[in-house]
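Q: Sequences and hints are given; from them, build the entire structure.
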Amino acid sequence: MTKKMSISTSKTSLVLLLCQIISALDVPLDSKLLEELSQPPTITQQSPKDYIVDPRENIVIQCEAKGKPPPSFSWTRNGTHFDIDKDAQVTMKPNSGTLVINIMNGGKAEAYEGVYQCTARNERGAAISNNIVVRPSRSPLWTKEKLEPNHVREGDSLVLHCRPPVGLPPPIIFWMDNAFQRLPQSERVSQGLNGDLYFSNVQPEDTREDYICYARFNHTQTIQQKQPISVKVFSTKPVTERQPVLLTPTGSTSTKVELRGNVLLLECIAAGLPTPVIRWIKEGGELPANRTFFENFKKTLKIIDVSEADSGNYKCIARNALGSVHHVISVTVKAAPYWITAPRNLVLSPGEDGTLICRANGNPKPSISWLANGVPIAIAPEDPSRKVDGDTIIFSHVQERSSAVYQCNASNEYGYLLANAFVNVLAEPPRILTPANKLYQVIADSPALLDCAYFGSPKPEIEWFKGVKGSILRGNEYVFHDNGTLEIPVAQKNNAGTYTCVARNELGKIQNEVQLEIKDPTMIIKQPEYKVIQRYGQVSFECIIKHDSTLLPTVTWLKDNDELPDDERFLVGKDNLTIMNVTDKDDGTYTCIVNTTLDSVSASAVLTVVAAPPTPAIIYARPNPPFDLELTGQLERSIDLSWLPGDENNSPITSFVIEFEDALHEPGVWRYQTEVPGSQTTAQLKLSPYVNYSFRVIAVNRIGRSQPSEPSEQYLTKSASPDENPANVQGIGSEPDNLVITWEPLKGFQSNGPGLQYKVSWRQKDVDDEWTSVIVANVSKYIVSGTPTFVPYEVKVQALNDLGYAPEPSEVIGHSGEDLPMVAPGNVQVHVINSTLAKVHWDPVPLKSVRGHLQGYKVYYWKVQSLSRRSRRHVEKKILTFRGNKTFGMLPGLEPYSSYKLNVRVVNGKGEGPASPDKVFKTPEGVPSSPSFLKITNPTLDSLTLEWGSPTHPNGVLTSYTLKFQPINNTHELGPLVEIRIPANESSLILKNLNYSTRYKFYFNAQTSVGSGSQITEEAVTIMDEAGILRPAVGAGKAMASRQVDIATQGWFIGLMCAVALLILILLIVCFIRRNKGGKYPVKEKEDAHADPEIQPMKEDDGTFGEYSDAEDHKPLKKGSRTPSDRTVKKEDSDDSLVDYGEGVNGQFNEDGSFIGQYSGKKEKEPAEGNESSEAPSPVNAMNSFV
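As numbered in my numbering, residues 7 to 1193 make up the sequence shown, in order.
If you're looking for bench data, these hints aren't it; they were derived computationally from the structure. Backbone N, C-alpha and C fix where the C-beta goes; we use that ideal spot for every residue, glycine too. Be aware that one or more of the hints could be misleading.
Label pairs and their in silico Cβ distance ranges [said to hold, decoys possible]:
id: 1; residue 1: Lys92; residue 2: Asp56; range: 26 to 34 Å
id: 2; residue 1: Trp345; residue 2: Lys92; range: 56 to 64 Å
id: 3; residue 1: Pro210; residue 2: Phe303; range: 30 to 38 Å
id: 4; residue 1: Pro190; residue 2: Gly396; range: 54 to 62 Å
id: 5; residue 1: Gly1017; residue 2: Val394; range: 51 to 59 Å
id: 6; residue 1: Ser375; residue 2: Gln517; range: 29 to 37 Å
id: 7; residue 1: Lys55; residue 2: Lys92; range: 23 to 31 Å
Derived pair list, reagent style DSBU-like, types lysine-lysine, alpha-carbon separation capped at 35 Å [what the hints assert, rightly or not]:
id: 8; residue 1: Lys92; residue 2: Lys72
id: 9; residue 1: Lys925; residue 2: Lys970
id: 10; residue 1: Lys288; residue 2: Lys304
id: 11; residue 1: Lys884; residue 2: Lys869
id: 12; residue 1: Lys765; residue 2: Lys787
id: 13; residue 1: Lys340; residue 2: Lys371
id: 14; residue 1: Lys72; residue 2: Lys371
id: 15; residue 1: Lys845; residue 2: Lys499
id: 16; residue 1: Lys321; residue 2: Lys854
id: 17; residue 1: Lys238; residue 2: Lys150
id: 18; residue 1: Lys499; residue 2: Lys475
id: 19; residue 1: Lys55; residue 2: Lys74
A: And the structure:
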């Protein structure tokens, strides 16, 4: 029990250690850099493991390696050191480990047969080659033997044995005669895989004296010959037919073992009369598509690149008219070791961690062993930073002395794999490999990629700056790649300039500058246009371009996507192409292509050439219709049609279109029959049975088509069985337990006769079932009930009529009905990218559980609550669909600082499967929206009160508010800007110590920890003095009441009001007298009919300043400039307008005779900010409203 616990603890600590491993450095393939860095040896070239050599030539055993410093080489032979200095026949190439064994000067190849291994070594480690087994090739002679003639009865089987000598490598076998002609082979006579010649049954023509088996040894380019074999066939009457008997293999079963990745060859050769036919099947499965081939007249089954899935029972069936015989070959696919994860070189910094992983598979499972510098790791020098755990070596806190070359050996009974992987511990300051001041030129709105190839150990950190003293680049407009490249996805003009790449690690820092230029795109501002030109005329195509001034464009013209003809009639100008003396062959499409070093654009136009008129009076028109149609040569399946052409109307007839009508099935419907050249006035037409034909002809020239000719006489063809079967046959289930077979019915003229019906057949695929058939009427659908859910079916539909069946139809694959998926996607994971975007991952469901055609996955997601408000609302679920077998997707449009839930469902043609468990995720904070309102109330001589509402969408936790304000003088110049930071829990503020009778502009926004939101603006005015009144404020379109000191008790004001009252009384008397003298005028009626909206009474305000929000005015105005809103009085409005002064005022007297003026803002016009002072309007002017 204690031992088990220690193993578990060890595994847990190993997992934790692997999670902390730092990824190794990548060394760029820069030749200069590689020459400077120290590196352990790496084997770059070696001879094959099984090395068969020609005994007549020198033996060259290759071993090449690289390293820094350059490695030295040594060899072992048969496991012991091979001292090449002691053998005069053996030399090693300079600066190489390749051995050359001199055989041509007296040496014998057999003496150097053995197992060789090369070692390449330098101060950083040692790499070793594979075990190279060197064997000389052999091509022995046939042993002498006396061959008796073969006397065989006609119809019997015969086997001629070859039995070639055993060579290295094995020879290639073929049969020939004395004249060196290959013996003919067929289904009856063929050569087996073992080289023997098999006769399923002999015939008299098989009698001959020169059946010769040849063995060709390719390695030595020699051919050996067996003694000729004699065959004599004697006849007996009658010849007895025999059912099949297998000649090879024998018995009813056999076994075969093949290695993964090899070619599997299975053979069945049978005797019998008539000659048997061989068929292959795999029991319980199908022969693999695209990898299965039949050879030797289907007697040999060949499967390439076999895998473990190809194991199983393969049955060959030999059949003739008298019966059949079969043989089952049980195939087992074993596997020599093959890599799952081969160890990769590690480049580490001192103190870093890393792993070497060596994973291989095979059948049987291979064993893994490690070596360090060619020595088994168990007896290699100890390294405290190294720990071996099966197929993994873990390195922790490596030092420079930890550099070494490790070998992983994976082996089983069928072979081995050997891989070298070094651990190179380097301490290098950063280096930038991209050339300094490299210039990048990019077209605007295209991606820009600025390289910063680097190397260093430890791995440097990369930062980018723009300009010499610019700040570090960050943000969504840039993409920073792991290889140091800076990407600007959509480069604009303002992105041009100098960019600096800085690479730094603990050993140093280095920087490099590159230049980026943004060029204007090349455009064709006037494209070539479609032209119709008469023969021998002149035509011109324009191609006017606009391009960046620093780019040199080249303009190329093409005709029909090929070069222009080499003809002096084609004149290429700067902006055009002109064709002189146009001919018919100039007809076509002309393309203008503009190329620069950075981009390319093109535009095309069509030129149509028509016949030139002999005189301007000639009119080109469509041809007249043909006439005088005649039918001759009537046959069951063809007929001859002739006609006379109509007038071509000055444009030659290019073709005639022939159409037909079937008065029996589709009266009044004309269909296309054929088209013939314009020089032809007769045509032989192919006919279908059981059609009542009429024909008509249409002439065609370059101008268009003529009217149809008058129909020909009718011709009824005889009935026949159908020639074709329905098209577009499909099998698609509409319910989980049915199969709906549909097809396009034959048209009437395709039926070939009366009584059209369809034979519908189906059977389940991959199941040894017979066809089920039913004959249905002339319909287009048949439903098969009681089927399993979503299984493949073979389906075919055959047409028939009263005279017989159509040809055998082809089969199509359909599926029975789908059902809802059974399983939900698993392992749903969410990665939040930013405050409005998340990425969701899931594992695909097993295809068997889909129970239908996989259409994709649906992601349901919904907002649960806002994290800032803690208030729930109506849940509105959103759905995103991802087509196909995707396992991830993006969720856009999320709300910041919110809690979401999602689930994933698989979708097939039937619908959605069950939902995965809800996954909860949260979005981070964002910037808030603007405050919901801002009101300014209670103006006094030196203070204003501000009230505001929190943002509608806080998008996080509000940290504070920022208030900025500045005074505005009478000339609309702006004073100094004052900024105040307000706690987030406040909703009002009293501003004191302000200037009296002064207009102020306020800018107000909210902040979260992410940043500031959009701002809201407002304006307000402090009151003038004790006797003054407040000027109307510019609000959000709503007039506000002014606050004033009560002056009704002031003596000067009472006197003034009395004078005003007296003046009004006098004016009323004068008007009354003038009215009586001049008659009555229908003023009231006119005023009622043409009421001025400017003088309609306004709603009285509540004495406060209105809300003001201008979406465009969210930044402080520049000093000395101010733009009036659309509610101010235009400059062209008269300053003395009665409307401006009086008709916006509702005036009245108090009981004491004092005047109260309430000023209400007009809906369409307000006092112009640029034409009024801050003083209150004169009461006398206000009185004008009473006149």
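Q: Next, verify each hint and record whether it holds.
A: Outcome of the hint check:
In this structure the hint that Lys92 and Asp56 lie 26 to 34 Å apart at CB holds, the actual value being about 27 Å. Look at Trp345 against Lys92: about 38 Å separates their beta carbons, and that is not inside 56 to 64 Å. In this structure, Pro210 and Phe303 break the distance hint of 30 to 38 Å, their C-beta atoms being roughly 21 Å apart. One distance hint, 54 to 62 Å for the beta-carbon pair Pro190 and Gly396, holds here, with the actual separation near 60 Å.
Taking the beta carbon of each, Gly1017 and Val394 are about 53 Å apart, inside 51 to 59 Å as hinted. Checked against the given bound of 29 to 37 Å, the beta carbons of Ser375 and Gln517, roughly 48 Å apart, lie outside it. Taking 23 to 31 Å as the suggested C-beta distance range, the pair Lys55 and Lys92 conforms, at roughly 26 Å. For the given pair, Lys92 sits about 27 Å from Lys72 by alpha-carbon distance, which is consistent with the 35 Å threshold.
Note on Lys925 and Lys970: the hinted pairing is violated, with a Cα-Cα distance of about 44 Å set against a maximum of 35 Å. A hinted pair counts as satisfied when its Cα atoms are at most 35 Å apart, and Lys288 with Lys304 qualifies at roughly 15 Å. Distance restraint check for Lys884 and Lys869: the Cα-Cα separation of roughly 9 Å lies within the 35 Å cut-off, and the hinted pair is therefore satisfied. The straight-line distance between the Cα atoms of Lys765 and Lys787 is roughly 11 Å, inside the 35 Å bound, and the hint therefore holds.
Restraint check for Lys340 and Lys371: satisfied, since their Cα atoms lie roughly 10 Å apart, inside the 35 Å limit. Simply put, Lys72 and Lys371 have alpha-carbon atoms about 33 Å apart, close enough for the 35 Å limit, and the pair holds. The suggested pairing of Lys845 with Lys499 holds, with an alpha-carbon distance near 32 Å, which does not exceed 35 Å. Note on Lys321 and Lys854: the hinted pairing holds, with a Cα-Cα distance of about 28 Å set against a maximum of 35 Å.
With a C-alpha separation of about 23 Å, the suggested pair Lys238 and Lys150 falls inside the 35 Å cut-off, and the hint holds. Distance restraint check for Lys499 and Lys475: the Cα-Cα separation of roughly 20 Å lies within the 35 Å cut-off, and the hinted pair is therefore satisfied. Taking the CA atoms of Lys55 and Lys74, the gap is near 27 Å; set against the 35 Å cutoff, the hint holds.
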